[in-house]
Every structure is written in C-alpha cells, then in structure tokens.
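The chain contents come next:
2 protein chains.
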Amino acid sequence: MRDCDVVVVGAGLAGLTAARELTEAGLEVRVLEARDRVGGRTLSQSVGEHPEDIVELGGQWVGPTQHEVLGLAEDFGIPTYPTHASGKNLFEDGRGQLKRFSGTIPMLQPHVMVDYGQADLRLKRLIKTVDPESPWAGEDAERLDEQSFASWIRRTAKTGTAREALTTAIRAVFSVEPADVSLLHVLFYAAAAGGWDDLLDTEGGAQQDRLAGGTQQLSVRMAEELGDRVELSTPVRSIQTDGESVLVGDLRARRVIVAIPPALAGRIEYDPPLPGMRDQLTQRMPMGTVIKCVAVYEEPFWRDDGLTGQALSLPGPAQVVFDNTPPNGSAGLIAFLEGKDARELASVGVRERREAVLRTFKRLFGERATHPVEYVDKDWSAEPYSRGCYAGVFGPGGWTGYGRWLREPVGRVHWAGTETATRWMGYMDGAIQSGRRAAAEVQTAEGAAVVDAAGAQAAQAARIITG
Amino acid sequence: MRDCDVVVVGAGLAGLTAARELTEAGLEVRVLEARDRVGGRTLSQSVGEHPEDIVELGGQWVGPTQHEVLGLAEDFGIPTYPTHASGKNLFEDGRGQLKRFSGTIPMLQPHVMVDYGQADLRLKRLIKTVDPESPWAGEDAERLDEQSFASWIRRTAKTGTAREALTTAIRAVFSVEPADVSLLHVLFYAAAAGGWDDLLDTEGGAQQDRLAGGTQQLSVRMAEELGDRVELSTPVRSIQTDGESVLVGDLRARRVIVAIPPALAGRIEYDPPLPGMRDQLTQRMPMGTVIKCVAVYEEPFWRDDGLTGQALSLPGPAQVVFDNTPPNGSAGLIAFLEGKDARELASVGVRERREAVLRTFKRLFGERATHPVEYVDKDWSAEPYSRGCYAGVFGPGGWTGYGRWLREPVGRVHWAGTETATRWMGYMDGAIQSGRRAAAEVQTAEGAAVVDAAGAQAAQAARIITG
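Residue numbers (numbering that gives the first Met the number 0), protein chains in the order written: chain A, 0 to 466; chain B, 0 to 466.
Okay, chain A solo, but in the shape it has when bound (with noise of 0.2 Å):
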C-alpha cells in the first residue's frame, strides 16, 4: 500500500490541472491514467519531420474568451495562430448547389433569412434566461427541459432550409442529433460559452485560434511537471472508501478526484456503492457521436480558388469541414461526421469512410481533393476511454432530474471534467477550470478537516486542562 494525499483518475486536461493545483499547495498526489498517453479528448499524431508536422484528431480550437486554456498555453509559451480564414467558405445546399460565402452562416433566400434569423433571435433571448451554475433552478427551467431541441426547431423555424442549418448547427456543437438534447441543455452550453455565437463562429467564437504544436502539449507539459506523480496504463475500476481514507488500486489516500466523464465514472465500482441518485446521472449524460477525418495534401490546392477550405454541405456525410494546414506543417482538410452520419460511417471500415469523405472534398473543391497524400480518422466512440466526443449531453428531463448531483462530491469523491463545468462546458476551457474547481473543493475540505482535528485536539487540551 503506498500513500498520498489526493488520488486523481484521468490524465486529461481536467485530471492534470487538479493535480497540479494541488501539488503547488504542497499536497502528495498521483494521477492514474487509463491510457498508455496523457491528454483525454485532446490527440496529436504526426505525420512530418517538422515536431509542428501533426494532425489534431481531439479537440484543437481555442476562442478568445476562453481564459483558462489561453492562460495555460500562456503559462507553457505555447503560442496560438488563427484558424485559416482567408478566402471564401463554400456552402452546398440540400439539391447540391454550391455557393461562396463569408462569415458563419451563408446567405440564403430572403424568406428562410427571416425565417433563421427569428429562430436565432427566440434562441438567443432564451439563452440569457439560464443560468449556467444551476440550469435546473431557472423559473422554466421544466418547461425548457421537458422539450428536445428537435421539437423546438419545428415549432419554431418553418422553412426546410432554417431547419437544416439548426439541424447542421447542433451536429457540429454536440456531434448529437437535435433529439438527443433537451432545449434546456443547449440553452447551458451556450449560456455556458457567453452565448450562441461564440460557440458557432470562428472569428471571435470557439473556432478562432489553434495551438502551434497542437493542443494535447498543455497535458504533455503539466504531465512533465507533475513527472512520476503521473502513472500511466493504469485504469482503475473500483474505489473503496471509508470514513477515513480512499483506496484506489494500491494507493490510499485521503480523497479522490474522478476527473473522466460521468458516463465513464459510473462504470467504476465504488464500495460503498453511490448513492441512486450519483448513479443515475452517469446513466443520463451519453457521449457525443463524432468521427474526425483529415485528408493531408501536397498543397493547400483550394486556397488558390479563392477558398478557405470551410464549408457547410447539408448533403454530406462530411457536412464540416475546415482547412488545417498547420503553419509549419502539411496541408490538410478536416472533415467532422456527427451523429447520425457517425453512427451510420462508424460500423464501416476506414476505407468506406475515405471514400464518404473524399466524395463530399470532390464536390466541394474538386478532383484534387480525391488524391490525398495521406488519410487518418478517429472514432472516438469506439475509445474504450472516451466512448464518444465531444462531450457528455443531456437529453429531455436530465438537467431538471439530475443536474444537482453533477458536482455534488460522495464524501471522499469529488467530481471534475469537463462535463462538470459552468463555463465553457464540453470545451478544453471546461475541462481546465473543472479541474481548478475540483482542487478548491479538495483543499476547502481538507483545511476543514486540519480545523476539525485542531479543534478536537484543543477540545480534549480543555478537558485534560479542566479535568
């Protein structure tokens, strides 16, 4: 049995930070990572000599409200540099048709205009209804909660057109159908990202800026510092605590930090078992359902039409899509397949996924498009420790049902990730702050309890004084 202070599980963003909070206010702790890797959602994998030669196959963009993740990559040197935006972006509607565009949203008929721009505005008036620290709490919090987004958009949005871009746009945040969430949850997570357009947009929204290098170095850098503190292919499946201690795997300690999503966290064992309620909301928060493709190219052929490589395609399956040529790296466009288009391409073999995607490049930016140079995809559903991307969601009834108990510690277990964040939530910023609030929670109770002992302590002096 060895000792420490903390036990943290996952060596993602959320897992590292908290470890590393706690470690610079003097506590033990050791952070167990299922993986032979450390970073979570967050993946890089080279494909050049240059060490910037990567491809990003987690998450990779940062916004400039996300302070967290700027500030850490700040902390490491890490530079950012914008998405490449120059040109224009390429939408292909229902019938095929492609048009250029600029901006976040192409320009449609007159009338679906309006009739996107309704929806966009009851949206948005929505969303500053919610509060993110306590969505469940709000005046029609169960009124909100108690409807799929699916149903919202058809009450609200009449055209086909309208419908679709909601329809794309909640693909691409949630890599969820809009069934699969309640109107209340997308309400959170933008309220949770200071509003619907930050989440959608790349200049000034969560698509502005990337990491040079690649995002999975934050974890790879706080891994280097935290050293052995980090043990990696170690996945833990049972937590026993008690009313003085935890013990996960050979390691006792004082208190655990769960730093993985709740889906995943309710399939370890804990003894005691969780109370119902802990447990049904790891029943109640399923993982997105994303496949990343990157096609890597000679050339940034596309830019030379006068494109930027995005493009919106409502047919399909790649309906987003973005040029990702690193500064000093290979060419490259990614392309995301999200929920239904997932599930459907996820139970094919990687060369059915090749040629989905590259006929969807073809029509988009032409024959070129068909020749990459190299193609890599990424289901993360089929991760044994992600089981899906981006996030966690709730669908109809979750947040009303069970979101109190989404940070709410069981005695010795505390709860972190990015799913247990209230701002940016589902995002690499979630995560890191999750992380931080993890270890705050962990040092108020230990303080607490040096100030129980204390006290107990001079309570017994007293005894012994007054006899």
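Derived by calculation from the structure, the hints in this document are not laboratory data.
Think of the CB as a built atom: it goes at the ideal place given N, C-alpha and C, for glycine as much as any other residue.
A couple of the hints might just be wrong.
[To be verified] Covered by chain B, per the in silico footprint, the following chain A stretches (three or more residues, Cβ under 8 Å):
#1 138 to 147
#2 176 to 185
#3 258 to 268
#4 274 to 281
#5 383 to 396
Fit chain B to the given chain A structure using the hints.
Below, chain B alone, put in the same frame as chain A:
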C-alpha cells in the same frame, strides 16, 4: 480454467430461462450472478410465519396475455390469484378532493373526460403504427422519436387534469417523468404489451393477477433445477473473447449471454472492446426510478369502508396505491414513489419516506393507515446490480439512433434481459421471452458452427480423396 459451452451473466428471469433452455438442449451452462440470491428485479421478503406471508419488493403482477410468465408458473405448479379489486377505488385530485370510482380511470368533469378521451384515442391510433420488432424502421419513426412524451402531452391534451392524468400514467408504467421518454418509446412499449389499456388496467391488464408465494419463486425454482450450474455472489467484471472462445472469470466457454440491463452491461470490461455503437447504446437506456413502499397492517381495514385499497393520488408522493394482501398473508398496502417523487425521496432516510407515504395513506384511508405493524421499502436505484427499475427506457432519439444494436450479438456475446424483448418489454414476461430468444440464437450459431466444422472436414476428406 473451467470449460463449459455457454456462460450466462445474471440469474434473473432472462438469464435463468436461457440457461434452462440450453441445458435442456444438452449444452453445459454456467450462470454467474453478482448477488447472493437469484431473481433480479423480483424479490420476496418474509413478514410472517406462513411461507406465503411475504411482501414483494419487486415485480409482482402478471396479466392475462403474458403467456411466457403464465406458462412458467404453470410449469412449476404455482397458482395465480386476482389482485384484490372488490369495492371502490379512490382518486385524490390536485386540490385534495377524494372521489370513489370503478375501473382504471376516475370519472372527471365532462370537458376533462372529452380532452382525455381524445388524447387516449390519438395515442391508441399511433400505437397501431409501431412494429415492436423494429420500432426504428417505421415510416414515421424519426418524427415520433424526436419528441419527448411531455411535448406530446402538452400538444395533445388541453386541460391541466388530463395532462396530470397522462403524466401519472407515464410515471406508473415507466417510473420516469414524461420528459424522459420519447413518444416512440411509449408507443413501442404499449405495442409490445398489446395495447395502452393492457399496460394500465388491473382487470384484463398487466396488474390483473399475482402468483401465490410471490414471483421470485419462478427464479428460485429454475435455479433449483439448474443446481450448481448457478454460482451466486460472482459479479462479472470482464469478458474476453477471441475467434474460438469466451473467457469469463475462470470459465472458458464458446459463447456468453449477458442477461442484465444495457446500462449495467456497459459497465463490464470487454476485450476486445465493444464496437462504438453498442457501447453508446448502453449509455442511452437509463433505468427508471422507483421506490416500492409496503405497509403491513393487522387488518385490511379499508375493505370495511367498501374500498379496494387501490388509489390514484395526484398530490402524492404516493401516487399509485394497491391493496397487496395475499390470500394467506398479512394485510398490506403498497405505494410506488416514481420518477420525480422517487428522486426526491431517494436522498432522505427511510423514516422520512415512511412518513411521506403514511401521510398520503392517511388522506386516502384515514387515521388507521398511520399505524402499520411494519413498514419496508426498496429503492431500486440504490441496488448496485439493478441501479433502477422497472426497466431501461429510451429518451428522444434513442430508438431511431441505437435501437438496431439492442439485440445484435457482438461476435460470441449475446444479449438478453427484458429490455431486449419484443413482447411485454420491461415486464417479467419480456425477460422470459428474451431468455428464450437468446438461447435460440446461441443454438443456431452453434449449430452453424457444427455444420461449418463438418463442412471443413468433408472438404478436407474430399481433398485427401481427390488429392
């Protein structure tokens, strides 16, 4: 390492039925059960001297079209008896007014009856459009699945009382809130039961009869037959498979049947890992939330007042109440805390729950109801090897997104449990059907394997001869 033909995980009705079928077919079977008892979500607790003087803390009713469970009871010579129903039922409306009524639905004000009647009619028309074998494949499946039942209620019923009545019906049948289930799931569930009234009714429906001595006996008797093939207190944490065999604990078999709810099946570690879509399915079928409460009395005193003991209370929290006195047992009333009420009362102690339930009983049956000789309750969400009851439910998007993976075997791993049934899903009857289906699947697969092996031998013989 011990060898056998088939390992079954879970000694509930599904697992034991599968084991029984396979044993009868001459296969060597082992059933591994996590608890120290068989019966899963059926559970008897003794409250007196007589062997039939028990309270049932789990599934207890059988209906006239539940041929699987009635057949099994007949196999073991276990007689049925009717749920006590002579006298009048009670209805407590939202303002605490009591009304006596007969049948399933109390007589309400005419405009409410018209409103409820229209909703009821629409629901029944929709139910007929759903094929319980493949609810995801219907023409309107996406439309029916994209909305929560709460959205459907709000759109369909106009009066507050009709909405409350439909909400109470959903709680009583699914032990979740109407927000938590999709319209398609409700339609599927009713279609699988033969109709909406079949779910709700006592006479002619799912609550018509009980088994003398309790339903857990069915599992106890099957386990007795199976003898030492059933191993208790043996939780399965991991399943390894290769092209040839399955390893479960120290058992090596040709196939495994996992006969536990999807939400729990997802907690087992599979090697190789399950395909992404099968895993994501297990994240999307959360268990309902119910606490079953039993008060035992000296006398069934409510009968003297001309009451059946059945009651429907809108203020609750004990919204659904039944006389549960067995022919040779102690007088008793049972109440179900379901959905929201169960979530609230799961977090308090049994004392507070007892008070809450007896407060409802007092309003319904008077002062005498507050002095039971015994009170017991069972919070199924707190049970580590159930984590909720009555069954797993699909929220919006679940059936259309993941339904097709519900029964689909993964290599040598087969799935059973009432959640996989196509007749009376969620009921004991469905559990038994699913056990039979999984057993047949295994036999077919093994038969094919035998044919394959014979074919290979024949081909080899032919090669030798023609060689």
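Each hint, compared with the structure:
1. Judged by the Cβ-Cβ criterion of 8 Å, the stretch 138 to 147 of chain A is covered by chain B as claimed, because 5 of its residues qualify and three suffice.
2. Beta-carbon proximity to chain B at under 8 Å applies to 5 residues in the stretch 176 to 185 of chain A; the threshold of 3 is reached and the given coverage holds.
3. With a cut-off of 8 Å between beta carbons, the stretch 258 to 268 of chain A has 4 residues touching chain B; three or more are needed, and the interface restraint holds.
4. Counting residues of the stretch 274 to 281 of chain A whose beta-carbon sits less than 8 Å from any beta-carbon of chain B gives 5, enough to reach three: the coverage restraint holds.
5. Coverage of the stretch 383 to 396 of chain A by chain B holds in this model, with 6 residues showing a Cβ closer than 8 Å to a Cβ of that chain against a need of three.
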